[in-house]
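Peer 1: Spelled out from the first residue to the last, the chains are:
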Amino acid sequence: MLLTMETQIQMDGLKEKMLKFYALYRKNINANDTPEIKEIRDKAIENFAHIGFPTQKLEEWRNTNVTEVLSLDYNYYFAPVKSDSSHDVFQCNIPYFRTQLIALLNGWYAPGQKRIYTNEDGVIMGSFGEALKQFPEISGKYFSKYASIEKNGFVALNTAFAADGIYIFVPDNTEVRIPIQMINVIRHDREIFMQTRNLFVVGKNSKVIIVQCEDSYNNEAGFANSVTEFIIGENASVEHYKMQNLNNRTSLINSSFFTLQANSRLITHSITLNGGLIRNDINVLLEGQGCEVEVNGLYLVDKNQHIDNQIYIDHASPNCTSRETFKGILDDYARAVFNGHVMVRKDAQHTNAYQSNRNILLTDKSSVNTKPFLEIYADDVKCSHGATIGQLDADALFYLRSRGIGEDNARLLLMYAFAAEVVNRISIEPLRVRIDDMVKKRLRGELSVCDQCVLHCSTQEKPVFDIDISKI
Amino acid sequence: MLKIKNLHVNIHGKEILKGISLEVKPGEVHAIMGPNGTGKSTLASVIAGREVFEITKGEILYKGKDLTQMPAEIRAREGIFLSFQYPVEIPGVSMTNFMRTAVNEHRKYKGMEPLSGAEFLELMEEKKKLVEIQSDLTNRSVNEGFSGGEKKKNEIFQMAMLDPTLAILDETDSGLDIDALRIVANGVNKLRTRNNAFIMITHYQRLLDYVVPDFVHVLFNGKIVKSGGKELALELEEKGYEWIRPEEV
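Residue numbers (this note's numbering), protein chains in the order written: chain S, 27 to 498; chain H, 39 to 287.
You may find that some hints are simply not true.
Stated by the list, open to error - Below, in silico cross-link-like pairs of lysine to aspartate or glutamate (EDC-like), each with a Cα-Cα straight-line distance of 20 Å or less: (1) K329(S) to D358(S); (2) K41(H) to E116(H); (3) K148(H) to D434(S); (4) K146(H) to D434(S); (5) K230(S) to D358(S); (6) K148(H) to E433(S).
Since the hints were derived computationally from the structure, they do not count as laboratory data.
Isolated chain H (complex conformation):
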């Protein structure tokens, strides 16, 4: 589904990613861990299509297509979803209209008729239930005045609404209390199928107790320095990132 080969990325002339290779297949959950400032969020943003980053080398293929040539909105309609580390507040745009616009843009892209108001509300109710979101989130402006936990739950709700093929969760677990973490994790687990895939960027083992990854990668200084199964996360939790450093070449 996603093939990243030797990806090098600059921002304002500074190299952040220094040759990343990663393959994600349908049905897989990948966790990317690593200390602050190693390029985890950059990788997420680059896959989602943020333009401030410059790809200097390498390629990203998604379903066989060159992702780097697609604007962010097309990537989204092709099934890529980014759960933001810091969801943006947009005063004046209601969640309902935001989601309805998004869902209908996706449908238009697939050659489907837009949802009527009633159909849309029904879909929203269904997804809200699925991810255990209280109704008061949806009648407010996008993320405006939401608490940290509400913002993250809202990301999961949007993910449920848009039903992506590849979802990237950029530190969705950080700053969450245990209840919110459980809601976020349950949402992900309910949305997992054989046909979609998840990349979870996280600092902590905690989320991985709830969403069990198939692969764990450690990103360090712009490179994946170690990959393994779910045990790797436990080992990291125990020994810290210091343990990985000696292996860096």
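Chain S extracted, bound-state conformation:
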């Protein structure tokens, strides 16, 4: 699509505005920075000045156009925004699922929580901004170590401005018994541009489950440019769930950088239920030998929604396994993009990589651009990939109907069965049941961006079909 002159100017406008902001507020932004971080920020803004926001001329952005959403006149804040929100918004009611809750409001560490604290397992958690202040040696060691500011304008911009977000530090040899649930709620009465920065460090031999929810509670347009750095130590084990349920006017660019040290394990899920434009930029660096990583995703989009999953897995060491399973169902005019890039470096022998992206288009106006891509420089590896785009199976539909199951329910059953492959990979049962419910509601068109976030609904929904879906 060609950029119109006008939107290009407006996007340049936002770029110029951000550069001007940086020059004006540099002192505030740098207030708690070590000299190293200051240097990183200056470098980042310099890069951003040079590359700016991505356009469709770039191969990785060919099918995702951010020009239009960036041309809105957003408000940008250098301090937490006042909100009428009370803390009960963040109360979590997943039946039988106990979590340690940590919340962001409009991209800032939410009020009413301890700024930073050590929990009973010895995990340090709290505000990223506070961590920069209190533990400059840790944040200084990892901040922007893996998030590339060279090529990606969004990451560069985030790095220059990063002020708040969530910080989690799991010491060595620690099993975190209760999953940590972080919620980022967008609730503001004006159009807002947010830049969240999260840093998660998991020590050697440690184990943690992190659930990351992105929700909007309003109907205003918003833009979230979020960067998460995730460092996983030797022989550590991480389960990570990303739930996205944003309003149709909100855009989210979610860049995650996972670095795995030797013999560590990571399972990360991206469940996208709603949102205007969502891009998950998932980067996994297998830095040490013998790592196992599973990257799963499910997207259910309709109307004019746009979902883009970019997965880059860098097999930099031998004997690692990676598996990617992404599935999507698209209705109306929705668009999906999948770019799975597996890089197997020269020394990464005995790599095992599997990649799959399957899609169902419910209308002929919806579209998918999928590109599984293997780049292999080692010679003793096992790699496979596949992508499909199709419709619901007409034979299966007739088979179900011939047993008396109504067409609507038959379609739902088939869509649900398609999605179940991903949902069933969620190992925590209460969470799986909850996500099951959300998926069912979503497929039935009953999920609205309401005053209940993805994981908050404590109300018993009516059964979608008269079956117990959790046993499928």
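Got chain S sorted already, so can you dock chain H onto it with the hints?
Peer 2: Just chain H, lined up with the frame of chain S:
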């Protein structure tokens, strides 16, 4: 129960059924035989409500109602069951939930309360026993990875669960070894009552040794060219379909 009058059916503009008439009464078992490609499966699909077929002429009445105006799911709830020649694999949908959805849709249609989980499991156990199905079929995804014989037994199990008034078995016997054939046939015999009826489509006499039909029809080139009692099947077995051809008008 079922009255088919002068039925003509097209698919993609090609005429497959060329004037079929057939009447099935409660308590009867009809066998429809004939060589490949004569329209046997088409007839079964048309009765079950597959939409790809176009009825150009004639009528199908079921319990006095015009069947052609009913969507497939309503026909099923009205008591029509088709045992598929090639049962469809549906990964991700478990047999249990598939059947529970189906049974409860039938009950809802009849104004009955849905079965609870426990009641449903009880019903399933009972029917499994009736048709001699091992429990491992029901905990798997619908037909996924089932052997040919398992798929056919599964069709009979579903038939038992849904308790149809008119069951059409489309070559349920083909590809079965003798044990599976016996299980399928026993299932049918146990389910036979004075109030229901069966149409069995088959190539071979073999099944008819176990399930004795009241009528045998020979379908040839889209028409029923010969009807008779069970002896007709024996005669066909002996002389082959070639024997029937001279009588074709």
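Peer 1: Indicate, hint by hint, whether the structure satisfies it.
Peer 2: Right, here's what the structure says about each hint:
1. K329(S) to D358(S): holds (5 Å)
2. K41(H) to E116(H): holds (15 Å)
3. K148(H) to D434(S): holds (19 Å)
4. K146(H) to D434(S): holds (15 Å)
5. K230(S) to D358(S): violated (47 Å)
6. K148(H) to E433(S): Measuring from Cα to Cα gives roughly 18 Å; hence the hint holds.
When the structure is compared with the earlier hints, a violation turns up for hint 5 alone.
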